[in-house]
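Trainee: Protein chains in written order, with my numbering: chain E, 1 to 556; chain A, 557 to 715.
Hints listed in this document are in silico derivations from the structure and should not be mistaken for laboratory results.
None of the values given here were measured: they were computed from a predicted structure.
All C-beta atoms in this analysis are idealised placements derived from N, C-alpha and C, irrespective of residue type, glycine included.
Hints should not be assumed to be uniformly reliable.
Heads up, incomplete: computed chain A residues facing chain E, CB under 10 Å, no partners named [to be verified]:
id : residue
1  : P569
2  : A573
3  : G577
4  : L578
5  : D611
6  : D625
7  : R712
8  : R714
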Amino acid sequence: MKGSEILIEALVKEGVEVIFGYPGGRALEIYDALYAEKRLRHILVRHEQGAGHAADGYARATGKTGVCLTTSGPGATNLVTAIATAYMDSVPLVAITGQVSVGQIGKDAFQEADMTGITMPITKHNYLVRRAEDIAPTIKEAFYLAGAGRPGPVLVDMPSDVCRQSTEFKYPEKIELPNYKPTIKGNPRQIKQAAELLKNAARPLIISGGGVITSGACPELAELVKLTKIPVASTMLGLGAAPPDEYFLGMPGMHGTAVANYAICAADVIFAVGMRFDDRITGDPEHFAKQAKIIHADIDPAEINKCVPADVPIIGDAKEILRELLARLKKEHFERRTEWLQQIAAWRQKYPLRYQKDSRVIKPQQLLEALNDLTGGDAVYVADVGTHQMFAAQYLRITAPRRFLSSCGLGTMGFALPAAMGAAAARPKERIICLAGDGGIQMNIQELGTIASEKLPVKIIILNNQWLGLVRQWQQLFYQGHYSHTDLRGRQPDFLKLAEAYGIKGVELKDPQLFAKQLKAALAFKGPVLINALVKRDENVYPMVPAGGVLNKMLF
Amino acid sequence: MKHIIAVIVDNKPGVLARVAGLFSRRAYNIDSLAVGPTETKDVSRITLVVHGNDDIVEQISKQLNKLPDVKKVLDLSQGECLSREMAMFKIHATAKTRKEICTLAHTFRAKVIDIAEESMVVEVTGDTEKLNGLETLLEKYGLLAVVRTGKIALARGRK
Chain E
1 MKGSEILIEA LVKEGVEVIF GYPGGRALEI YDALYAEKRL RHILVRHEQG
51 AGHAADGYAR ATGKTGVCLT TSGPGATNLV TAIATAYMDS VPLVAITGQV
101 SVGQIGKDAF QEADMTGITM PITKHNYLVR RAEDIAPTIK EAFYLAGAGR
151 PGPVLVDMPS DVCRQSTEFK YPEKIELPNY KPTIKGNPRQ IKQAAELLKN
201 AARPLIISGG GVITSGACPE LAELVKLTKI PVASTMLGLG AAPPDEYFLG
251 MPGMHGTAVA NYAICAADVI FAVGMRFDDR ITGDPEHFAK QAKIIHADID
301 PAEINKCVPA DVPIIGDAKE ILRELLARLK KEHFERRTEW LQQIAAWRQK
351 YPLRYQKDSR VIKPQQLLEA LNDLTGGDAV YVADVGTHQM FAAQYLRITA
401 PRRFLSSCGL GTMGFALPAA MGAAAARPKE RIICLAGDGG IQMNIQELGT
451 IASEKLPVKI IILNNQWLGL VRQWQQLFYQ GHYSHTDLRG RQPDFLKLAE
501 AYGIKGVELK DPQLFAKQLK AALAFKGPVL INALVKRDEN VYPMVPAGGV
551 LNKMLF
Chain A
557 MKHIIAVIVD NKPGVLARVA GLFSRRAYNI DSLAVGPTET KDVSRITLVV
607 HGNDDIVEQI SKQLNKLPDV KKVLDLSQGE CLSREMAMFK IHATAKTRKE
657 ICTLAHTFRA KVIDIAEESM VVEVTGDTEK LNGLETLLEK YGLLAVVRTG
707 KIALARGRK
């Protein structure tokens, strides 16, 4: 069997159903093997970055490993941002890139780029396959590594001659990676310590992160909250893991809720699970949660003590750790910590998320609240990066895991449209809503072509404030209102005509009295829709903790 | 504080780049580096000398341990260890100074391994201080070239 056919067989064996890709010279052999291939759906994107983000969105929406495929050189380097995005957010991804033939490597051959070198710091691991015999075991390993432990992207570079060579196809049963053994079960002694701390705490708080979703530990988290009556805040990557009940405080950090930030500053015990103390969450780490003993549970040992020192570290899978913790705590009886919960209720009441409605113009927050009403939470939201993303994280009610997808760690503008495409391919029966700013949407706008031709029924909402809004906010607050190159007014395409050009229905929203009805109709439309929502131009995101600040010193 | 870190790796293409890249990417400076085969086939040992506080070194070790090609990471500075490096000094030497240099070399248990009309090469093995000491003494004759290996190290005893 030819190398390229082995590659496809291996993908099928791994249970791959969808590949996002773009052909090219050094991928010809692989694309020939895909010709008339019925077992895999290949989605032709319009730019390789789109393929990477689409595979990422597919993975985030399902928990399965996403797959993208490109040619060598420029095709492969176009994946770099998407790979880095997946790496920062621990998304399982296998990126397959064509490469020049083995003999040409290092000779600056046409469309040659050293992809294993380039992606070394942004992949969990990568491979340059030098022999056809190595293809099957490499793919097996790549999928294992992408999904195991803390997930992440793996790149497999496939020289064109290796794809042409023939060999016998034998898919390995087992993986031989003696050095890679992630710790799954938490240390019982540390779990016991954590249980003691949580039991005896006066002002405990849980901060839940993306790892809880990755490990499928949402039921365990909900059970823990219910049992212990401990309030819970969630990182952006973890939104949807904790049920939005009375104990849920929303997202902490730079644009987090005041109640979550105050709770962190006042807590005496913090149980951080599946999160990594990103600077957007902690502000100045020296002043983070000064009163709290910190229990840090994560599957990646390197996250322990990286940013914030842990009093009780627990290395392991969130689900396992939460199960063990529950087993210990179930024997206990937890009273409501009245004083603490009253304090939290007081903060919540005094500092709610708030904005002023305007009778002349739609407020972005208002549009998001309308979405809550219209969908009842029954949607997969894919948010781009910027003000709309922060508003979305604040205002949307995310009721289940894998319903809020966004580039949280890398902050990649241009992520949402292709990622929504991936989510739509993965979950065809669900309502996929892409939220983007007028800046970010243009960074991968070409994917409207993919959405149209693949008939992916994504509802694309541009929260159009004609600014690079988040940067504008910083310029206003910290750069004396020097709006350097952030004003997009008069520099935008006609988004409706653009939609029309791609054969996509376009809708404009601008009337605060009428928009909800129009939005409802647009969401009910069968195919893809591009909704250009003209929103208030200079609506800042508050609360805000300035970069490197302390969480209880917020701007409102 | 200086740390001597030994990284035991599978001898695969690109593994040195992975290990070294990890240091540079997290802005840790490598003072010296030595790579060579070990008692086990297809396994190499990379010995690195880095300086940084214990937190940084802890972070480096954890990051290294995550690489699938890395079998083991040892911080040899934690216990007693033996360490050596080697240097070759090419010195300006004439018939007049040759003898003096030979005596110096002898005192340091260094070997003269080449003599030319106007130069000599001295080979020396030892710890960093010894090598530095000899280098300082040889400076006055005129050092034409200095080449030093990275440090290699082993834990004492059975460890």
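Trainee: Run through the hints listed earlier and report the numbers of any the structure violates, in increasing order.
Mentor: Going through the list in order, the structure violates hints 7 and 8 and respects the others.
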